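Given next are the chains, with one letter for each unit.
Protein chains: 2
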Amino acid sequence: MKPQMIRVGLLGFGTVGVGVFRMMRDNADSITRHIGFPATITRIGVHDLSKPREFAFAGLTDDLQSIVNDPEIDVIIEVIGGVSPARELIETALNNKKHVITANKELIAKHGAALMKKAAGHSLDLHFEAAVGGGIPLVQPLKHQLAGNDVLKMMGILNGTTNYILTQMAEKKQSLDVALKEAQELGYAEADPTSDVEGFDAQYKLAILSTIAFSQEIPVDEVYREGIMKITADDIHFARILGYRIKILGIVEAFPEGILARVHPVLLPRRFPLANVHDVYNAVQIRGDFVGDVILSGRGAGSAPTASSVIGDLIDVGRNIRLGGAGNVTMPESDGLPLLPIEKLETAYYLRMLVDDQPKVLGSIATRLGEYGVSLSAMEMRVVSEKDKIGEIVFLTHICNEGMFRKAISVLESEPVVKEICSWIRVES
Amino acid sequence: MKPQMIRVGLLGFGTVGVGVFRMMRDNADSITRHIGFPATITRIGVHDLSKPREFAFAGLTDDLQSIVNDPEIDVIIEVIGGVSPARELIETALNNKKHVITANKELIAKHGAALMKKAAGHSLDLHFEAAVGGGIPLVQPLKHQLAGNDVLKMMGILNGTTNYILTQMAEKKQSLDVALKEAQELGYAEADPTSDVEGFDAQYKLAILSTIAFSQEIPVDEVYREGIMKITADDIHFARILGYRIKILGIVEAFPEGILARVHPVLLPRRFPLANVHDVYNAVQIRGDFVGDVILSGRGAGSAPTASSVIGDLIDVGRNIRLGGAGNVTMPESDGLPLLPIEKLETAYYLRMLVDDQPKVLGSIATRLGEYGVSLSAMEMRVVSEKDKIGEIVFLTHICNEGMFRKAISVLESEPVVKEICSWIRVES
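Protein sequences, first through last, are from chains X and F. Positions 2 to 430 (my numbering) are the ones given, in order, by the first sequence. Positions 2 to 430 (my numbering) are the ones given, in order, by the second sequence.
The shape of chain X in the complex, shown without the other chains (with noise of 0.2 angstroms):
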């Protein structure tokens, strides 16, 4: 006999838990309309029983191994993130023969392929469009309508901590330090920020779906990585002098001889769309041979939107139960391709030194690029101190090697009239 109803174990009542449970409480009537028959939380999972809650639940237990064990749940939703006990619990369900929804990134970039792998074996559904996007239905269409194209190019603001830092200090001038600061007395911000400001997030989110998009597992510890902490509020003035924004992307692209995942800041042309995706929004571009370029955006976190993508999950979940056709996401397994390291990349720079103002700087400076295949193609200078005769130079290059770049770099720290490299930034064009 067909079940009459879904119950659910909610593991985590946090942040996104509580996303959950609203959502479920408040449109409980369309949920139930969309699946066929009712689903409701039967038990939550939490760390501490004592913890003072917004919402009074009877279900309420620290023993969350006996929520994964619970014969009578069909479906788990976990919510608690990072790996330990996360994986396990999910690993019991799945055993257990239940249907899983996670919102958790980290396990899903570190054990996505293999949970997917023990979820198909079982005819059952794991879903997690929460982990990437927030709200922004991302996994499943790369999962569905997308899924007959070959992605060529795939970038994306996948974290809204950085880019409201990122927008702050373009808009209001502010240090990165100020805006970091700003960010964590509005709830933005962790009080440890090192997961956002040093591009683990993003390279979490970006591991998901270039394994998605790519049909084939790419580890966590491939896709190359660089946080915000070292952008200047000097380099956001020259960025918009230039005629460009100063974002922090992840973008992966696939070449004849591999794919090439990252994660750092980047100059975008002002008129790229994502250019101008402001404060916590998160967007993602996909570029596909045949659909060309699609662009998806919204709230990348927080509770609601969070809940509506794990509600989302719920539907599809519900639904399989009703008439059949779980399990029927699983990971296809390609031809793996390569993965190239950051070395391979060819793009353009940003460049921003201190010299000594004097004649024949810049020929010299031009001439030691132009040997290790750098050319320029923009220039802004000022003159910092007039009495120590020191001057900042900042370019633009053509698209370049990146290998040959840093040995470039390399190179020119050591020349004497070069008094320091302040940064360098990619610039996609």
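Be aware that a few hints might be false.
Note that identical chains are pooled: a pair holds if it fits in a single copy or bridges any two copies.
Said to hold, decoys possible - Cut-off 25 angstroms, straight-line C-alpha distance, at most; resulting in silico cross-link-like pairs (DMTMM-like, lysine to aspartate or glutamate):
(1) K231 to E73
(2) K390 to D222
(3) K388 to E344
(4) K118 to D30
(5) K345 to E429
What the hints contain is simulated information worked out from the structure, not anything from laboratory work. Source: prediction; values computed, not measured.
Position chain F relative to chain X; hints supplied.
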């Protein structure tokens, strides 16, 4: 026994049909990997066998009925367009237990609810992602990832031809006639552009999206419709001065009293995301009660983007054939809200008129408007003819009721000081 191959009958071999054919050929490997076994076009039905074709195909026939009756065929892809004979062919296909994928917006807008019901009754898939927004994932994200939300408002640039024309008028300061003629020369507009420029195409698409978003049939005739033919270079000029761009949008909103769906030109503040979607691109902004604003954008038409959506649907149908679960996206029937007439709209307006250039005229017009609850928020004036003492006035109003605004306009038309009501356009704020 599970089928080892999906046999597709393709109805129509024009622009979209050729795109589908090419994509199934070029991306056969990845389509096979995603479905789990190969999909192949076994027969193609066309109206005129003698027409020269880009691709030779042995299974070409002008007996379309024989394709939907062919017991060897599992899936019908219909890309003929128009209601007849597409409707009868699809009904026969469903009666013959074939899954159906269509890109036919007119058919789905007018008869989609009945066809979905028939498909669900036979546990068959009926997919139409390509009917709205070309390659942009829209229909399925509304049915799945966003389905847990109550949709509060949805607005979109749904027609690439008119967006191209309005973009050209704004950027090149062209008249509508010139921009339309250029669009026709470039193949962006049909020889008979009625369906695009009068808003029928957008009306179909908005009816489809609204039906999905509100889980109730939104009859296409109850979607208010105005085209772009009345938009002049003067309107675009004044809109720019006032900080706006003119776009033609499909907008649907849920109010406590009912649903209001409408297609018409709109002044959009320049900072709005949709105001920055140009040329032939489409974009839809969906506001859900939990997800907030999500924007999905991309190429809204063309052979390859449309094929991308058709093949995405085919991959879903194929997975369902392999694993079960077909027919799981039936249209839920919610308690129907009434459809509201345009007179119930509350919005702001742009109003341009020619008046006697004499003292007190402005005051008398403002007073007259005020009698109908229409108050002003901004004004621009210029003298058109010093000799005849004719001035041109442009007003922006605060939000007011459309029924009252229309009454005010008809009263103004008979005021002696008003020479001509040149145009009025709704303003999104």
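To see whether the hints hold, each was checked on the structure:
Proximity of K231 to E73 under the C-alpha cut-off of 25 angstroms is found in neither arrangement, the shortest distances being 52 angstroms within a copy and 63 angstroms between copies. Taking the shortest alpha-carbon separations for K390 and D222, neither the intra-copy value of 44 angstroms nor the inter-copy value of 75 angstroms comes in at or below 25 angstroms. With identical chains, the CA atoms of K388 and E344 are never at most 25 angstroms apart, being 39 angstroms at best within one copy and 72 angstroms at best between copies. Taking CA atoms no more than 25 angstroms apart as the test, K118 paired with D30 passes between copies only; the shortest distance there is 21 angstroms, against 34 angstroms inside one copy.
In this homomeric assembly, K345 and E429 come within 25 angstroms of each other (Cα to Cα) only inside a single copy, at 16 angstroms, whereas the closest approach across copies is 47 angstroms.
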